[in-house]
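Engineer: Protein chains in written order, with numbering that gives the first Met the number 0: chain Y, 0 to 550; chain H, 0 to 550.
Each hint should be verified, as a subset may be incorrect.
Claimed, not checked - Here are some chain H residues pointing at chain Y (derived, C-beta under 7 Å):
no.: 1; residue: 104
no.: 2; residue: 107
no.: 3; residue: 160
no.: 4; residue: 162
no.: 5; residue: 164
no.: 6; residue: 184
no.: 7; residue: 185
Simulated from the structure, these hints should not be mistaken for lab results. We treat Cβ as the ideally placed atom computed from N, Cα and C, and that holds for glycine.
Number of protein chains: 2
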Amino acid sequence: MVALRFPPFSLLVFSPKTVISSSSSSLAFFRRARRPSPSRFQLCFSSLSTQSEQQSRQEVGKDDGGTLPKEGVITPRSQDFNMWYLDVIYNAELADYGPVRGTMVIRPYGYAMWEAIQDYLNVKFKETGHSNMYFPQLIPYSFIEKEAAHVEGFSPELALVTIGGGKELEEKLVVRPTSETIVNHMFTQWIHSYRDLPLMVNQWANVTRWEMRTRPFVRTLEFLWQEGHTAHATEIEAEKEALQMIDIYTKFAYEEAAMPVITGRKSRLETFAGASRTYTIEAMMGDRKALQAGTSHNLGQNFSHAFGTQFMDENGQRQYVSQTSWAISTRFIGGIIMTHGDDAGLMLPPRIAPIQVIIVPIWKKSDEKAGVLSAATHVEEALKSAGVKVKVDSSEQKTPGWKFNFWEMKGVPLRIEIGPRDVSNGSVVVSRRDIPGKQGKVFGISMEPSTLVPYIRDRLQDVQASLLERAITFRDSNIVDVSSYDELKAAIAEGRWARGPWSASDAEELRIKEETGATIRCFPFEQPEGLKTCFMTGNPANEVAIFAKSY
Amino acid sequence: MVALRFPPFSLLVFSPKTVISSSSSSLAFFRRARRPSPSRFQLCFSSLSTQSEQQSRQEVGKDDGGTLPKEGVITPRSQDFNMWYLDVIYNAELADYGPVRGTMVIRPYGYAMWEAIQDYLNVKFKETGHSNMYFPQLIPYSFIEKEAAHVEGFSPELALVTIGGGKELEEKLVVRPTSETIVNHMFTQWIHSYRDLPLMVNQWANVTRWEMRTRPFVRTLEFLWQEGHTAHATEIEAEKEALQMIDIYTKFAYEEAAMPVITGRKSRLETFAGASRTYTIEAMMGDRKALQAGTSHNLGQNFSHAFGTQFMDENGQRQYVSQTSWAISTRFIGGIIMTHGDDAGLMLPPRIAPIQVIIVPIWKKSDEKAGVLSAATHVEEALKSAGVKVKVDSSEQKTPGWKFNFWEMKGVPLRIEIGPRDVSNGSVVVSRRDIPGKQGKVFGISMEPSTLVPYIRDRLQDVQASLLERAITFRDSNIVDVSSYDELKAAIAEGRWARGPWSASDAEELRIKEETGATIRCFPFEQPEGLKTCFMTGNPANEVAIFAKSY
Numbered sequence: 000m001v002a003l004r005f006p007p008f009s010l011l012v013f014s015p016k017t018v019i020s021s022s023s024s025s026l027a028f029f030r031r032a033r034r035p036s037p038s039r040f041q042l043c044f045s046s047l048s049t050q051s052e053q054q055s056r057q058e059v060g061k062d063d064g065g066t067l068p069k070e071g072v073i074t075p076r077s078q079d080f081n082m083w084y085l086d087v088i089y090n091a092e093l094a095d096y097g098p099v100r101g102t103m104v105i106r107p108y109g110y111a112m113w114e115a116i117q118d119y120l121n122v123k124f125k126e127t128g129h130s131n132m133y134f135p136q137l138i139p140y141s142f143i144e145k146e147a148a149h150v151e152g153f154s155p156e157l158a159l160v161t162i163g164g165g166k167e168l169e170e171k172l173v174v175r176p177t178s179e180t181i182v183n184h185m186f187t188q189w190i191h192s193y194r195d196l197p198l199m200v201n202q203w204a205n206v207t208r209w210e211m212r213t214r215p216f217v218r219t220l221e222f223l224w225q226e227g228h229t230a231h232a233t234e235i236e237a238e239k240e241a242l243q244m245i246d247i248y249t250k251f252a253y254e255e256a257a258m259p260v261i262t263g264r265k266s267r268l269e270t271f272a273g274a275s276r277t278y279t280i281e282a283m284m285g286d287r288k289a290l291q292a293g294t295s296h297n298l299g300q301n302f303s304h305a306f307g308t309q310f311m312d313e314n315g316q317r318q319y320v321s322q323t324s325w326a327i328s329t330r331f332i333g334g335i336i337m338t339h340g341d342d343a344g345l346m347l348p349p350r351i352a353p354i355q356v357i358i359v360p361i362w363k364k365s366d367e368k369a370g371v372l373s374a375a376t377h378v379e380e381a382l383k384s385a386g387v388k389v390k391v392d393s394s395e396q397k398t399p400g401w402k403f404n405f406w407e408m409k410g411v412p413l414r415i416e417i418g419p420r421d422v423s424n425g426s427v428v429v430s431r432r433d434i435p436g437k438q439g440k441v442f443g444i445s446m447e448p449s450t451l452v453p454y455i456r457d458r459l460q461d462v463q464a465s466l467l468e469r470a471i472t473f474r475d476s477n478i479v480d481v482s483s484y485d486e487l488k489a490a491i492a493e494g495r496w497a498r499g500p501w502s503a504s505d506a507e508e509l510r511i512k513e514e515t516g517a518t519i520r521c522f523p524f525e526q527p528e529g530l531k532t533c534f535m536t537g538n539p540a541n542e543v544a545i546f547a548k549s550y
Numbered sequence: 000m001v002a003l004r005f006p007p008f009s010l011l012v013f014s015p016k017t018v019i020s021s022s023s024s025s026l027a028f029f030r031r032a033r034r035p036s037p038s039r040f041q042l043c044f045s046s047l048s049t050q051s052e053q054q055s056r057q058e059v060g061k062d063d064g065g066t067l068p069k070e071g072v073i074t075p076r077s078q079d080f081n082m083w084y085l086d087v088i089y090n091a092e093l094a095d096y097g098p099v100r101g102t103m104v105i106r107p108y109g110y111a112m113w114e115a116i117q118d119y120l121n122v123k124f125k126e127t128g129h130s131n132m133y134f135p136q137l138i139p140y141s142f143i144e145k146e147a148a149h150v151e152g153f154s155p156e157l158a159l160v161t162i163g164g165g166k167e168l169e170e171k172l173v174v175r176p177t178s179e180t181i182v183n184h185m186f187t188q189w190i191h192s193y194r195d196l197p198l199m200v201n202q203w204a205n206v207t208r209w210e211m212r213t214r215p216f217v218r219t220l221e222f223l224w225q226e227g228h229t230a231h232a233t234e235i236e237a238e239k240e241a242l243q244m245i246d247i248y249t250k251f252a253y254e255e256a257a258m259p260v261i262t263g264r265k266s267r268l269e270t271f272a273g274a275s276r277t278y279t280i281e282a283m284m285g286d287r288k289a290l291q292a293g294t295s296h297n298l299g300q301n302f303s304h305a306f307g308t309q310f311m312d313e314n315g316q317r318q319y320v321s322q323t324s325w326a327i328s329t330r331f332i333g334g335i336i337m338t339h340g341d342d343a344g345l346m347l348p349p350r351i352a353p354i355q356v357i358i359v360p361i362w363k364k365s366d367e368k369a370g371v372l373s374a375a376t377h378v379e380e381a382l383k384s385a386g387v388k389v390k391v392d393s394s395e396q397k398t399p400g401w402k403f404n405f406w407e408m409k410g411v412p413l414r415i416e417i418g419p420r421d422v423s424n425g426s427v428v429v430s431r432r433d434i435p436g437k438q439g440k441v442f443g444i445s446m447e448p449s450t451l452v453p454y455i456r457d458r459l460q461d462v463q464a465s466l467l468e469r470a471i472t473f474r475d476s477n478i479v480d481v482s483s484y485d486e487l488k489a490a491i492a493e494g495r496w497a498r499g500p501w502s503a504s505d506a507e508e509l510r511i512k513e514e515t516g517a518t519i520r521c522f523p524f525e526q527p528e529g530l531k532t533c534f535m536t537g538n539p540a541n542e543v544a545i546f547a548k549s550y
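Work the whole structure out from these sequences, hints included.
Structural biologist: Given below as structure tokens:
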């Protein structure tokens with residue numbers, strides 16, 4: 000396969016007919032295009048330190064496998080998944096590299112995906128009784144040390160402020176890597192009686208973790224997330240809350256992001272630093288690596304003991320609160336890209352897409368222009384007032400063929416083409432992003448809003464459903480049930496996920512990680528019936544676990 | 000005047016009639032209440048460093064004038080404005096102090112005000128062609144040094160990360176105090192041709208400035224804001240954009256926050272570090288000090304020269320872009336509190352209020368309870384489905400009288416009371432927060448949604464309008480036109496604002512600041528007609544300036 004390239008503006012203008020047929024053979028078509036010169040996107044995400052452009056060019060590819068995203072070029076996914084991923088992010092203008100190693104600028108198109116995630120989750124969080132608020136990001140270093148597992152987990156990746164207002168600080172301050180400690184410090188002051196419980200809050204914030212190996216969206220030095228924090232009178236309530244929130248994440252993944260995650264419990268080794276139990280949603284990416292896309296922790300009384308977070312119960316007894324925390328981050332955007340994208344670029348589920356419908360007006364002669372543009376505007380207005388996210392690309396510097404491919408690369412679910420003949424017929428042509436070429440193209444849909452609007456709505460639902468279905472099929476065909484370590488090794492070597500009964504030790508879990516690179520992603524909530532035998536030890540097992548390599 | 004105190008839960012329960020009359024004499028009523036013990040809110044906002052609770056108790060009042068907010072106590076505004084402000088913030092649960100000196104936790108009720116601000120501005124920003132995005136908060140120290148005025152303005156208040164992942168960093172990193180430098184670093188990479196302009200983005204983010212004297216909302220070590228950044232082909236376009244954005248802020252202040260700000264241009268001394276011109280909205284607080292509530296900067300080509308941000312114009316010539324930046328922060332919440340609040344506590348404009356209508360069901364006998372609660376729920380549902388932000392306070396631990404005062408203190412614009420007699424009459428009692436006692440109370444409003452919903456909507460509009468009108472009257476009665484320095488000194492000594500023709504030097508402006516504590520808040524856009532003579536020098540003057548003490 001050859002890299003897909005976008006043609007420069009100067010390429011010939013097509014008649015509507017040529018354009019319509021060209022999209023079905025876009026790869027062949029673009030082979031003729033001039034390869035653009037390498038762009039300045041050669042700034043490597045994982046070079047060693049703060050860098051100028053020059054430095055970065057020397058360090059290119061250090062961690063990301065020698066990848067050099069190029070303007071107008073999408074490396075085929077099948078050829079180099081990692082490079083494809085970076086090409087898509089660059090060309091679809093989702094993100095760019097910040098000047099400090101491992102930081103990322105989220106560009107408007109990528110940020111709009113984050114806003115779609117926020118809009119959905121914010122409503123769900125409020126419906127379930129949570130309030131938004133904001134905790135400071137600077138945390139006294141001593142706080143981090145209070146919970147033993149927590150400090151062990153986080154201390155290697157802390158960013159520390161040591162100078163403020165020109166002076167050396169007496170105590171180093173941690174730039175928030177997560178907020179359990181400061182939350183507990185405040186909860187201890189706010190919670191007095193059982194009447195103050197449950198206390199259920201959430202914040203949308205940035206967090207900083209000094210990661211050594213970074214990757215846009217998936218693992219960055221700073222990222223955006225929401226972190227929910229709750230305190231309850233009993234362990235049972237905390238457990239119920241942790242399960243409720245992982246359920247909200249699961250529904251979000253399926254229904255909005257069309258990502259068929261597997262929901263389950265983390266192994267002890269993979270549990271959050273400071274939690275009693277961690278629930279997770281694990282998504283299969285296009286390269287079949289797992290992505291932990293969201294977690295919900297039952298913190299038990301670990302932090303409440305460390306911070307003395309107590310309440311007076313109905314009998315006048317002092318009790319420690321039981322707590323949860325749960326988070327989804329901008330990493331989810333990486334998950335959406337790697338679940339649905341294809342060789343042509345991004346493919347977005349309509350419920351996440353910043354633009355759901357792109358309208359491409361097509362004209363050849365100048366006397367056709369006014370009619371075509373006016374029709375495009377009418378269609379745009381009709382869809383917009385029906386709540387569809389729609390945009391008209393009427394720029395004259397680019398050919399319709401260029402636009403078709405550009406908006407496909409940007410993952411827009413539906414395209415409406417309107418040419419002079421369509422205008423005289425009062426109809427439009429509608430193409431689906433998820434079905435390439437002629438198969439995904441329907442001619443002669445009436446422009447009349449009473450017909451067009453429900454038609455577009457139905458097609459958006461179709462695309463949403465088809466993306467999910469496709470991802471389920473892909474996932475299920477890549478999970479292998481194993482009943483021996485050898486079978487597991489074979490499955491992992493093939494790049495697939497292995498599912499098998501497990502009751503072995505932490506040490507054996509670590510051995511698998513060392514020998515195969517795979518970890519327990521989760522003990523899925525959906526468990527097969529019947530007696531099970533641990534594939535590692537031959538002992539009885541209560542549950543199957545899923546093993547996979549992961550991001 | 001005596002401090003208003005909230006009674007403990009245990010106070011007697013009133014009959015509906017008693018309750019209704021009690022609110023008109025709440026001050027007298029509360030004199031009888033037990034004074035609650037000092038709360039743990041004695042954490043001082045401006046103590047010296049990271050602190051434990053004990054430390055902070057010793058340092059209490061160090062910077063905030065010895066203020067000790069107490070649970071259930073609102074110091075009268077007329078007695079001690081500063082203490083009143085802190086009491087309101089604590090008792091209305093708007094914010095709390097973070098563990099690090101000068102940091103603030105924004106609690107749900109305060110954060111909901113921020114969300115109202117965000118919801119309004121986000122729509123306006125997008126309508127005017129701006130996209131949200133996100134820039135990293137860690138900025139190489141060298142960036143800050145590139146623009147001479149900028150580094151001079153910001154270097155004293157920087158927080159620096161010097162350790163990351165356990166290692167000393169080669170280059171110190173600045174925790175974003177504002178983003179012009181990193182924005183320009185990225186703009187330089189994204190902008191090539193005139194076709195890439197204008198580039199208009201915004202981000203909602205946290206910023207950190209190592210302030211020595213802090214005050215909740217008004218000046219904190221870390222705060223939340225939006226910062227808009229735009230690049231244009233010409234200075235004229237940049238100027239137009241800067242003016243457009245200060246106009247959006249002005250409309251927001253008047254129409255949403257009911258704050259009659261005075262909009263104008265900053266003096267050269269007060270211009271943003273790195274800007275060519277700064278526009279500002281200046282609000283008069285209840286103590287008649289000025290609050291700079293939002294700014295919009297025409298950055299000219301200062302940052303584009305420092306960062307080499309150039310584009311190829313239509314003639315193939317390389318040109319520097321002209322830029323703007325503009326911001327509103329959580330400081331605005333402090334402005335709302337200090338504009339409208341009174342001795343009873345917060346008073347919120349309906350368009351900002353997290354709760355616009357509080358419903359207090361009132362019953363005495365247990366056989367009345369079900370009917371009253373059911374009516375309250377019906378009214379709640381009717382208002383909720385009409386888009387009114389409404390809450391029922393049906394808790395049984397507190398008396399109706401306590402609730403009346405509590406929700407007045409929280410600034411809820413309207414209260415609906417429903418007692419057994421109201422239920423049998425099919426009517427409710429509606430009270431306005433802005434008109435105390437019987438005057439603000441209307442009996443016998445039908446519960447029927449077709450009557451009640453429009454009635455409530457109209458009253459919310461009335462409260463909104465009345466708050467603005469009252470603030471305008473207050474403002475205008477506290478601005479003095481001066482024609483000599485002596486008149487200015489007299490006005491400032493009285494705590495008022497002085498307005499007078501000004502064409503004197505920076506040195507004379509500084510002298511006024513030293514001698515009176517007042518600074519030029521702005522040269523207002525609205526200027527009197529006719530010839531003017533500088534009150535300081537006797538020279539001709541083009542404009543009047545407004546002088547005031549400020550936060």
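Engineer: Hint by hint, note whether the structure agrees.
Structural biologist: Verification of the supplied hints:
{"no.": "1", "hint": "104", "verdict": "holds (5 Å)"}
{"no.": "2", "hint": "107", "verdict": "holds (4 Å)"}
{"no.": "3", "hint": "160", "verdict": "holds (5 Å)"}
{"no.": "4", "hint": "162", "verdict": "holds (4 Å)"}
{"no.": "5", "hint": "164", "verdict": "holds (3 Å)"}
{"no.": "6", "hint": "184", "verdict": "holds (6 Å)"}
{"no.": "7", "hint": "185", "verdict": "holds (6 Å)"}
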